[in-house]
Amino acid sequence: MAQLECKGLTIAFEDRTLYEDLSFAIDAGDYVFILGSNGAGKTTLVKTLLGLRKPQGGEISIDDKLKEKGIGYLPQQKVMQRDFPASVMEVVTSACSGKRAQRREQALNALDRLSVKDLSEKSFMELSGGQQQRVLLARALCAAGGMLLLDEPVAGLDHTTTSEFYSMIKDLNKNDGITILMISHDIEAARRYATHILYISSEPEFMTAKKFFEHMEEIHE
Amino acid sequence: MSDTIDTLRYYFQFEFVRNALIVGVLISICAALLGVTLVLKHFSYIGDGLSHVAFGVMCIASVLKIANANALVMPVTIVCAILLLRTGQNTKIKGDAAIAMISVGSLAAGYMLMNIYGTSTNLTGDVCSTLFGSTSILTIKRTDVWLCLTVFVIVVTVFVLFYRKIFAVTFDEDFARASGINVNLYNNMIATIIAVVIVMAMNMVGSLLISALIIFPALSAMRVFKSFFKVTVCAAIVSLICAVAGILISILAETPVGATIVSTDMAVYFLFAGAGAIKGRVN
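Residue numbers (this note's numbering), protein chains in the order written: chain A, -3 to 217; chain B, 37 to 319.
Hints listed in this document are in silico derivations from the structure and should not be mistaken for laboratory results. Being a predicted model, the structure only gives us computed values, none of them experimental. Ideal placement from N, C-alpha and C gives every residue a C-beta, glycine not left out. It cannot be assumed that every hint is accurate.
[What the hints assert, rightly or not] Chain A is faced by these chain B residues, among others (derived, beta-carbon under 8 Å):
(1) Leu76
(2) Phe207
(3) Ala214
(4) Phe261
(5) Phe264
(6) Phe265
(7) Val267
(8) Lys315
(9) Val318
In isolation and in its complexed conformation, chain B is listed as follows:
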């Protein structure tokens, strides 16, 4: 045990490890908060879709040798997020089909571009680290931490200020609209935030695993709690604990960061599912 603590103490001397922990926790909480709404709106897959869009655009940025890739990736992903959440209201194109289409489309286009025009000698490695997250979480700079902190503050503020509106829009769009709530405004707001969070989280867990950060905490919380408020708070706490645990475990066991966090989330889900079943039987 004291060995473990010594190891951790050793690692936490380094600033980049501390930064990784801070960024991981902040992003996980943001993802979990948004996840509750997205899961309940049946948009669980949007995280996956958008991260593939971000991957595709990232490839384009690297082919065009744009120095600050995020300047291109962020706006394109936001636009896609808004369009995807909007098609959900359109009966002609079903939301899941639209997401699937954009998702695999940009994945294929991105990989192809990288392959044809890519300059890197280690193409497979590059693609792999974008898909599964890399050790780049351990190269996080101080400016990244501030960026994350800003986004975190914005997300939490939006949730606190508009909590009731977000509930109304999530629970019953028609009723919300009838009572004069600007539903489109809130949908676009959620879409924009989710796009920003996804682009930021890509470095950490990679585009294939980002969905996990969004859906698992919400699903875990829904197993045990039956009110929107409790589910939201619980999802945020679960996500925080899993991020911390995942990062610590990955340091100790020398496993990939993203996959470890997601595995922790998954383990907690099964724990909660069991707890929910027991709770249901007791009631």
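Next up, chain A with everything else stripped away, as it sits in the complex:
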């Protein structure tokens, strides 16, 4: 059985139906890029997958193992977080469970995994954009069993930080076997990393990355 499967999904924003009859299945270890123009309904889809909002129609099934462990989520960056008094440790442990010592250990492991353990006592708001994203990724890891949903994680990051971030995600995908679903506008990164593409428009499509890029080249020729 697929790790996450959608059948005949209808997605609406407020009262407007964005697209209908979206079906796809994601297996453990896939690296999916969710592409599409602004306002097409990418974030809405991700929020629906997370159970933050109800789909207008269709169904989503998540396998028991993933349901139990949970999906890690890295939301779109918000302005508000930038002036929030919170230490890195507070941010990451907010996603951990268990006793205080266990939460700390879990958080430190996640930070260590992303090579930002030395930031643990720092103030979150004083970190650079790239560091903040790493900390939020660590938080997502603490809440994740086998899947990460990332909403435009590299938006606003400089070139070097972006490529570091991508290689970190790739590493999590390859070595820890974590399924990745990433909303992005970065077609080059999709070409480089994705195994599958979910293209969101009024007629959304799901296909392997290979097929997607072959198709794209055909159009260009």
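Based on the hints, put chain B in the right spot on chain A.
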């Protein structure tokens, strides 16, 4: 100096002065604890809005000659608090506009009702004391003290028990919701508590100044500390000190209680802002 102590000793012989001090401290700490969350959620103005609602309802209660005004004021204010915190999540109506609307609306409606149907001979005085707090803090009864103490215990218990949830909901609602936290439940809980605290605090500092008790301690603490836990603890302590200092000063200098407490809060804010700037430069 010994004169000052003698004066204070004289005043503290009276039970109502001691009661005023206790109530002032308890309410200030509650307001400060809630203030941290509200300021960070960009709801600093909710205190102002809700106290105007409470003012409006209080006027209605007095026009209808309801003996126990709080029986009407409390539930209406709670409902408004829940609705206001909810509109914050609705993209159609911006939270600040909703608060402004309800705030000035109920102020106008309340004053108008008082003016048309009011029975009091000293209308301006009545309205003024509701807006700025009155000497009524000095007529606090023993039952009021117990009520305050109960609310204080509830607020502190909620904060201790749900501290981590409150942090998660304040820091990132979407993430909190995705990790299975019932965000609406906590928002409604905070809204209910803030409404209760505001209605109680109205007697003390009045509806125009209540916001100060909510926002100043949190803002002061945020100047110096950079972690949520430290900010919360510091805000509570700052608020406690300002309430005690404010009440003592108002006794000695014979100034209005509410305004004195708020002025103390403001002075501490500037102190902390300076300290924060120096700390930032040292780092």
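Evaluation of the provided hints:
1. For B:Leu76, the interface hint holds, since its Cβ comes within 8 Å of a Cβ in chain A; the closest pair sits about 6 Å apart.
2. A hinted interface residue such as B:Phe207 counts as satisfied when its beta carbon comes closer than 8 Å to some beta carbon of chain A; here the least separation is about 6 Å, so the hint holds.
3. Evaluation of the B:Ala214 hint against chain A yields a held restraint, the C-beta minimum of about 4 Å falling below 8 Å.
4. Taking 8 Å as the C-beta cut-off, the interface hint given for B:Phe261 holds, the closest approach to chain A being about 6 Å.
5. Contact between B:Phe264 and chain A, as hinted, is supported at the beta carbon level, the nearest pair being about 5 Å apart and thus within 8 Å.
6. Given hint, B:Phe265 at the interface with chain A, holds; its Cβ is 7 Å from that chain's nearest Cβ, closer than 8 Å.
7. Hint on B:Val267 holds. Least Cβ distance to chain A is approximately 5 Å, under the 8 Å limit.
8. Look at B:Lys315: its Cβ only gets to about 12 Å from chain A, farther than 8 Å, so that hint breaks.
9. Interface hint status for B:Val318: violated, as the beta-carbon distance to the closest one in chain A is roughly 14 Å, over 8 Å.
Of the numbered hints stated above, those contradicted by the structure are hints 8 and 9, listed in ascending order.
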